[in-house]
Amino acid sequence: MSMSTPNSAALVIDKVNRRFGGVVAANALDFTIRQGEFLAVVGPNGAGKSTLLQMISGVIRPQEGEIRLGGRRIDRLTPEAINALGISRTFQTSRVFPMLTIRDSILVGTQVGLIGGGRSPRRYGPVGELVSALFRLPGYRASAAAAEARAEEVMKMFGDRLWPRRNDQAFSLSYANRRRLEIARALVQDPDILLLDEPAAGMNPSETDELTEIIAELRRSRPSMTIVMVEHKLQVVRQLAERCIVMSQGTVIVDDTPAGALEDPRVIEAYLGTKRSAAAFGKVNDDG
Amino acid sequence: MKRRMNWLGRAGLALVAAGLLQGLAAPAPALAQSQDSVTFGFFAPLTGRFGANGERFKEAVNLFVEQTNAAGGIGGKPLVVLTEDDRGEPMQATAIAQKFSENPAVVAAIGSFTSGNSIAAGEIFAAAGVPQVSPSSSHPDYTKISKYQFRIPNTQDTMSLKYVSALKDNAPHKRVAIIYFQDDWGIFVGNATKAALEKDGSEVPVFEAMLPDARDFRPLVTKLRQANVDSILLASHYGPSATFLQQLRQAGLEQTVVGPETLYNPELITLAGDAANGVITTTYFFPGDPTKVAFVDAYKAKYGRDPDLWAAYAYDAIAIATAGAKALADAGKPVTRDALRDAIADLPAYDGVTGVTKFVNGTPAKDLTILKIKDGAYTLLQ
Amino acid sequence: MLELFLSQILNGVVIGFVYALIALGFSLVFGVANIINFAQGALLMLGAFLTFTMVRLGAPIAVAIPLAIAITTATGMLIERLALRPLQNAPYIAPLLSTLAIAIIFDAAAEMIWTAEIQSFPSPLSKYVVFVGSAYLTGVDFLIIAVSLSVMAGLMLFLSRSWMGKALRATAQDPEAATQMGINVPLMRQFSFGLAGALGALAGVLIGMYYMSVFPQMGIPYGLKGFAAALLGGLSSIPGAIVGGILLGIFESLASGYVGEGWRDVIAFSVLLLVLIVRPHGLFGNKSLDALGGASGATGGIPTTSVVASMAGATGRTKQRLIEAPLLVLLGVIALFALLPALGGSNYLLQVGTQAAIYAVLAVSLTLLTGSAGIISIGHAAFFGVGAYAAALAGRNWGIPAEAAFLLAGVAAAVFAAVLYWPTIRLSGHTVGLATLAIGQIVYLVCLNWVDVTRGPMGIPGVQRPSLLLGGIDMKSLAAQYWQALVVLAIAVTIAFAMLNSPIGRTWRAIREDRLAARASGVPVSRYLTLVFLVSGFLAGLAGAQFAFLQNFVSPESFMIDTSIVLISMIVLGGLGNITGALVGGVLLALLPEVLREFAQYRMLAYGAILLLLLRFRPQGLAGTR
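Protein chains in written order, with the working numbering: chain A, 1 to 288; chain B, 1 to 382; chain C, 1 to 626.
Hints in this document: simulated from the structure, not taken from any laboratory.
Possibly wrong hints are sitting among the right ones.
[Stated by the list, open to error] In the DMTMM-like style, the derived pairs of lysine to aspartate or glutamate whose C-alpha atoms are separated by at most 20 Å in a straight line are:
| id | chain 1 | residue 1 | chain 2 | residue 2 |
| --- | --- | --- | --- | --- |
| 1 | B | Lys366 | B | Asp289 |
| 2 | C | Lys127 | B | Asp375 |
| 3 | B | Lys144 | B | Asp342 |
| 4 | A | Lys156 | A | Asp168 |
| 5 | B | Lys144 | B | Asp346 |
| 6 | B | Lys372 | B | Asp289 |
| 7 | A | Lys156 | A | Glu207 |
| 8 | B | Lys58 | C | Glu117 |
| 9 | C | Lys127 | B | Glu254 |
| 10 | C | Lys127 | B | Asp274 |
| 11 | B | Lys174 | B | Glu208 |
| 12 | B | Lys147 | B | Glu123 |
| 13 | B | Lys58 | B | Asp306 |
| 14 | B | Lys292 | B | Glu66 |
| 15 | B | Lys194 | C | Asp452 |
| 16 | B | Lys300 | C | Glu117 |
| 17 | B | Lys358 | B | Asp346 |
| 18 | C | Lys476 | B | Glu66 |
| 19 | C | Lys476 | B | Glu123 |
[As the list claims (entries may be wrong)] Derived coverage of chain C by chain A (criterion: at least 3 residues anywhere in the stretch with Cβ under 8 Å from a Cβ of chain A; other residues may be distant):
| id | segment |
| --- | --- |
| 20 | 5-16 |
| 21 | 521-533 |
Using N, Cα and C, we set each Cβ at its ideal position, and we do this for glycine too.
Please build the complete structure, drawing on both the sequences and the hints.
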């Protein structure tokens, strides 16, 4: 595999089609995401952005076409198998584990690393894990302790947002903190590819800035991590992304730098259906 | 969020547990403790799916206690019966058995209805040396538990031969269908009658179980129609049997139906109506029998209807235990558990409402009466 | 031969319409209120008995039936108001149990009012008979078919055309959005219960006519068939209920005709299970309803598939006080109880105490499966039974020591649990509950029918209490059995503790809370569900072995659905996923019938009422949900 070479193809979306009844969510989607790239996906509601992330992460299967990771076809794999290959994600609707504490929620993300498989060698079979957990065998305990340390490290990345609340249950968190928790749960896995589905939705301007800064910092510390982000707040897209694709009715209409893409008249038309001023468009969307 | 349970909480839980145990350990009624009475423990399914049978038991037992005490009790001491409901569940039966066994006043146990519960409780009574008289358990294993177990009916194996002879004397029997109820009694009777019929040269082309709770017998009736049988041996309880008879006669099948004593129940005629006519059954007890008139009249006066076989079983069960106690009292001996066991085992042939009971290893060998339903009433056939 | 086949199909269609009629009530309530109404069987029984009583008092049947339907409708609405509406914010499983408690209360009350006996029911139309091949149709059959079809057509028209029907459907799809549209959602749910009551009463009356008899416990067997039919059809689908009912009837009829009357229900439930494996949403099922609690999630709350989430979604959750004793405290309490024989505890106390310990082990076992991993199991008695039979048969045939017998029983039950519950891995929400119910029924019926191995209803008498290999200690006395049960309980608690506080337990809870998010976070769900089946099955098997040794007698009636229902009540009562709670709930409910023994006939009534009140005032359980 050529994953270690910068700018090689990490993820290939190859002529993918997906319909829901009469609605076309992916229509011959065909593009390549390079390793280490920060790709933003924008477009109006119903353009198929979330469906794209659902298909990459295995939640939804394409009806036609292929998705390949480093040359290996992944579009028939289960979500857990895809995750084990190094693709982590967040959800548009913030799927946290409501009754679990922040700490436990993040630790769930470490489970696949603990038992191995996918990217790493398999370490515990089902019965082996059962016996290790039951008798608290040293190897298993050491792995669990390492996972806890990793979770602590990730929680502290979010300043005092998560760490002081680590024993609070997820259902009691604010909307913004649930988003942070989801991102932390994905980051704790140290993924090769991170899929973010509207990470800044529901955040106020200062929270949005804070999140943008965290992602930017992540980018600096882990430049090899590929990030695919669906986001409505164009200001976030401009600040973070290196490449921006604009989707409408299941197809890519523009593939450019964020600045180039967001100025494109086809984009404005796709969003508003009529040709209005770019300024008005930008204003409406930047307010989120 | 996760809080450790504080000491107060733990103490509270402990108190609740202690309170519950206190409730469990509450002493039996004072009367039962006194030596001025003779106390029996009676248990049966008074609620649940066998509730109807248990109720008949209870009515007969209460009637007998009333009559006995009105007539001066046992050697001047009143007869007292402690009643418990086992719901037909073995776990309840064993708990009740322990409760009776450790109550020193209880000298005999009467129960239960199902063989399963009688056996489960029987293991405990055997260990505690409490004589147990089951009104209705006919499972061969029951009296094998110990010398403390007694029963009012014959065992299922001897009974099954009698059903077969009732069938052969009264119905064509080249091809016989056997329908049996899926419980311990039904399976045993089904297999035993099948063996007996086949040994004597009859064919059994239909041999089917009736599940508890089953009420739709049309597929079975369709099968019977195809099988072209001469007669049907129906080893089932009266409730599902009534529904089966209705569906059988609706389908226009007119074969003679012969059944054991479970089909001897006035409710069968009420439920099945005309479909019950022609059914031949055996029984230990028949209220039309002039020799049983005292029991029938007393029962009818108290409860407003004729006693059925279950009432008769229970009446004899407690009567036999009482006869044993009376024999001890008459001889001037104290009524203890072991003495009572021996007294019951050594009773002379007891002529009760279910026929003459003389125990051999806890089981009697009685004769049966054969009945036929004519114009909506049981009539003596022989 | 073909004639026989077609005749059996016709027999199946006739009984199938009866099932369809019962299934319609389930489907309606499930569609609108998103809950499985266990009280549907009780409503059916009520309608039948009200008609019976009025006819017996001299009312003409044409007056009695509408009156009975009206009263049952009002009863249905009252049930919603008293037992369900207050539970809006309770864990999702609470309303399910609330309807169960109502069913228990109704059954017990009916036995007291009408006695437990079968009563004959007026059925004027049944004397008209038409023969078709080797089957036949009566006037009642035509009436049932006509009523079923017109009720189905009427319901479908009502739901699609009338304002009320549209409001009901809106409530079903998205209660929060419906509220914002000005629809009175609680009223709609109440209305659906009323309608279900009417349908139940109608079904009860027609069943009474069909069998020409009624009995107080009729709600359970017919309710079970109605469930199965509704599930087969897809739970929330009106035509699905009819098709499901007919198919179930045909399967049963063919099973009875070609395999044997005794195997009919085994085959019916097995077919149901197969359908669920191939089509988890039933034949006409609607995928939008499968994520229970997900409907509110879609409109802003936290999406979750959790059995401990409430109907009102995340917003309805409140912080609760969690009582969770440390392992050493629990073991200490168990050790204190071990002193009972020394303190002169009577045999009765020891017998009841051992039974309570067995129930406590079962509750711990179930709280791992249902409480932690979120698999609603209404068939748990099956693994209890497998353990009991394994221990009894091993003791009878090989005479092995106690340790080996326990190990064998545990392993046998674990393997059965993993194999039998495998099909439920793909299912979600209440569908799992119904599938496990079917599995429990299958195991019970196999124990009843497989006479060669289990001796069927005759049971296995004379089970010996084996000695311990370790030191050759004789375990024949009751006190020894009591101690042995406490040791088993201590082992079960220790295993459960180790599991719940390990990464495995955390993973189980994550699966319960949000299965999709867990999978997307890399959790191999089927692996962890298999692990919970194994552990939970193992513990249930230990309890089964102890049961066999205590009772000296094993028979199928101990492993019926009633036991499974009691077990699930225990863990909800104590608090889901909480070991302290499972122990408290298990011991309390095991002792309750004994404490209430004095009240003999009111016992079941009180049992139902206590369950109802606890659900109402402490739905998260006595010790809190973890």
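Here is how each hint holds up against the structure:
At roughly 16 Å between alpha-carbon atoms, Lys366 of chain B and Asp289 of chain B fall within 20 Å of each other, so this suggested pair holds. Among the hinted pairs, Lys127 of chain C with Asp375 of chain B is consistent with the structure: their alpha-carbon atoms are about 18 Å apart, no more than 20 Å. Distance check on the hinted pair: Lys144 of chain B and Asp342 of chain B sit about 17 Å apart at the alpha-carbon level, within 20 Å; holds. Proximity of Lys156 of chain A to Asp168 of chain A is assessed by CA-CA distance (about 15 Å); at most 20 Å being required, the pair is judged to hold.
Between Lys144 of chain B and Asp346 of chain B the CA atoms are separated by roughly 18 Å; this keeps the pair inside 20 Å, and the hint holds. Restraint check for Lys372 of chain B and Asp289 of chain B: the C-alpha separation of about 14 Å stays at or below 20 Å, so the hint holds. Distance restraint check for Lys156 of chain A and Glu207 of chain A: the Cα-Cα separation of roughly 16 Å lies within the 20 Å cut-off, and the hinted pair is therefore satisfied. Distance check on the hinted pair: Lys58 of chain B and Glu117 of chain C sit about 15 Å apart at the alpha-carbon level, within 20 Å; holds.
For a cut-off of 20 Å, the pair hint linking Lys127 of chain C to Glu254 of chain B stands: about 16 Å separates their Cα positions. Proposed proximity of Lys127 of chain C and Asp274 of chain B is supported: the alpha carbons are some 11 Å apart, at most 20 Å. Note on Lys174 of chain B and Glu208 of chain B: the hinted pairing holds, with a Cα-Cα distance of about 18 Å set against a maximum of 20 Å. For the hint pairing Lys147 of chain B with Glu123 of chain B, the CA-to-CA distance comes to about 11 Å; that is within 20 Å, so the pair holds.
Our distance criterion of 20 Å between C-alpha atoms is met by Lys58 of chain B and Asp306 of chain B, whose separation comes to about 15 Å. For the suggested pair Lys292 of chain B and Glu66 of chain B, the alpha carbons sit about 18 Å apart, so the restraint of at most 20 Å is met. A hinted pair counts as satisfied when its Cα atoms are at most 20 Å apart, and Lys194 of chain B with Asp452 of chain C qualifies at roughly 17 Å. Among the hinted pairs, Lys300 of chain B with Glu117 of chain C is consistent with the structure: their alpha-carbon atoms are about 18 Å apart, no more than 20 Å.
Distance check on the hinted pair: Lys358 of chain B and Asp346 of chain B sit about 9 Å apart at the alpha-carbon level, within 20 Å; holds. Pair hint Lys476 of chain C plus Glu66 of chain B does not hold up; C-alpha atoms about 41 Å apart against a cutoff of 20 Å. Restraint check for Lys476 of chain C and Glu123 of chain B: satisfied, since their Cα atoms lie roughly 12 Å apart, inside the 20 Å limit. Judged by the Cβ-Cβ criterion of 8 Å, the segment 5-16 of chain C is not covered by chain A as claimed, because only 0 of its residues qualify and three are needed.
Beta-carbon proximity to chain A at under 8 Å applies to 8 residues in the segment 521-533 of chain C; the threshold of 3 is reached and the given coverage holds.
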